Amino acid sequence: MTMPTSALTLLLQPSWNPVETLRMLLSYHFMQNAFLAGTFIALLAGPVGYFMVLRGQSFLGHALAHVGFAGAAGAVWLGISPVVGLLVFGALAALGIGALGERGGRLSVESDIAIGTVLVFSLSLGLLFIRLASSYAANIYAFLFGTVLGIRDRDVVVIAVMAALGLLVLAVIARPLLFVSVDPEVAAARGVPVRLLAYAFLLLLALSVAVAVQVIGVLLIFALLVTPAATAQQLTTRPALGIVLSTSLALIVIWLGLSVAYFTDYPVGFVVTTIAFVFFLLARARRGWRANAWRPARIARAGGVR
Amino acid sequence: MIEMWQYDFIRHAMLAGSALAIVAGLIGYFVVARRLIFTSDVLSHVAFPGALIAIILGVNPLLGVFGFALLTALGMGTLAGKTRANDVTTGTLLAWVLGIGVLFLSIYASGSSGANSSAGINVLFGSLFGIHAREAWVVAIVGLLTTIVLLSIARPLLFASLDPAVAASRGVPVRLLNIVFLILLAITIAEAVQAVGALLLFALLITPAAIARRLVARPFTGMFLSALLSLLFTWAGITLAYYFPYPVSFCLTALVFVAYVSVVVVQRVLRQRIYQRRARPAHAPA
Amino acid sequence: MDMKQPVIEFEGAAVTLGERTLWHDVNLRVLPGEFIAILGPNGAGKSTLIKAILGLIPLSAGRIRVLGRTSHRGSTEIGYLPQRHAFDADTRIRGRDLVQLGLSGTRWGLPLPGLRRLWGGDRTARAEAKRVQEVIDLVGAAAYADRAIGELSGGEQQRLLIAQSLVTRPRVLLLDEPLDSLDLNSQQAVSALIHRVASEFDVAVLLVAHDVNAILPYLDRVLYIARGQTVLGTPHEVMSEETLSHLYDTPIEVLHTRDGRIVVVGQPEGVAYHAHDHAH
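Chains as they are written, first to last, in this note's numbering: chain B, 1 to 306; chain Z, 1 to 286; chain P, 1 to 280.
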């Protein structure tokens, strides 16, 4: 996936003029598509990731990304559209994990085991499909790490529609979902359908993965889901602001990632994850520094109250 | 059954697979008890950049995997601070490790005259049937040594896993045991890379232990049951893969998956039956 | 001057879980403003009683009427504080948001600023923010309401949770071991707060407790559950050697210390301990 970029590097150098740089970036159709698709994915991954992190379901998101591998490979074997395979497999796995790992409270060891088992099984299923379809190693890598530069116009439309659909559903369930994520028992007593929301969110997570797999790949969608959201939650404790921050970070990360990858030799996935990780470390360091600064006051207050 | 034993590749697969299965089954019991499922998944993924950088640098891939897995384990410990490594830090680190994997892959791919070799794929998915005699013996011996170390620290490790605070107060070196355990886990993953692949090791690591914990409550019985189940899955998987045209890793994980789902479903049905049987006499007098 | 209508009525209520009848023939009428403690050994079904009022657990006999209606899920007129462990240290949500969720967490969809103004909803939003601030002030949590809930101490979390259960202005408050895991000072402060809420706002409070002493000065009545039976009465009627010995069917000593504390000695505690803590 780096081949086109390295070839282009000789022709293109970033200009100090930002307008000029932007014009250069968007002068090729495949880059326009990459930016559009990346934007839609970030718009969905930001909010969904926020809830994923809040609910402590990072492992689940990671596993659903792997399920995407089986879905995409299966679709290739059957000769159908990868999006269909991704959606069907994602939904099945989400419901299966929910049924296997469900046990009253969330975050039990049992659900981790269910997630892990489904994860491994989907991986090997994906491998089987690839063997059956007799694809080459390159195809595996395409699924695992995406092909940012090969997005067609039709893909962009599909991604935009699915992202809009996901956002719409999320907007409808956002407040009860927040309630359930923070305080499941009281939410249940107040008549919020806890199980329905849990499954709805699993399906949303599967949808986000399905949307993103073609562009940034099975293994890296996870980076876009978890890291901006984790960073946002380090920076703010306000839910609405957190969702906005998470989405903005996802957007910044993917735009920067695409731009840097365009002008240098580095693959998009590496740039995206590294920038995201640096943001996370900075946010953590800031919080750690502020916590240290507050410490004397906190001790004094704690001592005063007790 | 007997005819397959005349092939070298089956004998090597059986040797390496068995050694790995036993270690994974035993270590997996602790992984589950210590709730390190996500962590061990991350360490398995780390094998990918680890092996690639080793290939790029021209050293033994095992060394790269082991070093990377250990570094990541330490990184997670640092990021998590004093609290237990949590979901978010684990996930964030995992995301970055995968990104590094992509970088190494691109360096590797452009270095080897653009040919997309399957080395990376093998790291992730392994090739149990492609293993050579020497590699099989290395896996077996490393596996044996790991097992011996693990069994010798099993009791304090169990104590420290279940109740770290009390164990520490009783003089168990909890921190040291944590580190030793992570090293053992890293070794196991490095060892597994050649045989079943890093990602599929996970099937032997988590699920047999989970099934064993569902079936028995005694820790040592559970540990050995976990190793035994893991061994049986491996043997059955290899046999199936010999007779059917599917990859070993698929046969193995499919077996494990079916076994896990069956145990969960059967236990749920049984529990519901017992519940209903108990409920009936209580209703009768009323 | 007419009599106050009862807010909660139990009529011969019973709950059976599996083969075990937790309690039966419970008759109870709770009036507005009453502060009632539910006491009893572990596994006696104290939390189950609360959940039955909430409509989360079905009755096997009798009925429970809350505010004149059969108990059902999702009433805003019941404030509920479940028995719980502390929030995860990583819960990066403000205490204020937790309280706010008690008000708006059950609503689907998003508040859209433009539309809201059309419907006059902007005023509603401001009124809600004010209401949230009121309950936060009421429980004395204003100083830390804007910090992440996971960073707060157990007592601070508990105050915010009480604020959450009060934010809908309920007429019934069900508190499941709110004093557990609090230190003595916080226990007394939270008890006084609950008492104030009950008397000032005429809220009926049912509070599950392990130890009666922190709430003893404020209690109107006690419901004691043990061995499937219940006893109802004033604290001193119920917490007597005669009543408890009869209830447990074994000699029980009740000691009164000089500072007015009650110590119960000899009850067969822990009989069903494991069944309660792990099964439910």
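Be aware that a few hints might be false.
Claimed, not checked - Simulated coverage check for chain B against chain P, where a stretch passes if three residues somewhere in it have a Cβ under 8 Å from a Cβ of chain P: (1) 114-126; (2) 163-174; (3) 181-191.
Said to hold, decoys possible - Here are the simulated distance ranges between beta carbons: (4) A168(Z) with N42(P): 22 to 32 Å; (5) R195(B) with D146(P): 27 to 37 Å; (6) L110(P) with L26(B): 25 to 35 Å; (7) M4(Z) with L92(B): 26 to 36 Å.
Rather than coming from a laboratory, the hints here were simulated on the basis of the structure.
All figures in this text were calculated on a predicted structure; none of them were measured in a lab.
All residues carry an ideal CB built from backbone N, CA and C; glycine is no exception.
Going through the hints against the structure:
With 0 residues having a beta carbon nearer than 8 Å to a beta carbon of chain P, the region 114-126 of chain B misses the requirement of three or more and the stated coverage is violated. Figure legend: the region 163-174 of chain B, annotated as covered by chain P; annotation consistent (4 residues with Cβ-Cβ distances under 8 Å, at least 3 required). Only residues whose beta carbon comes within less than 8 Å of a beta carbon in chain P count, and the region 181-191 of chain B has 9; three or more means the coverage holds. Between A168(Z) and N42(P), the C-beta spacing of about 29 Å keeps the proposed range 22 to 32 Å intact.
Taking the beta carbon of each, R195(B) and D146(P) are about 32 Å apart, inside 27 to 37 Å as hinted. As the Cβ distance of L110(P) to L26(B) is approximately 32 Å, the hint placing it in 25 to 35 Å holds. For M4(Z) paired with L92(B), a C-beta distance near 34 Å keeps the hint of 26 to 36 Å intact.
Of the numbered hints stated above, the single one contradicted by the structure is hint 1.
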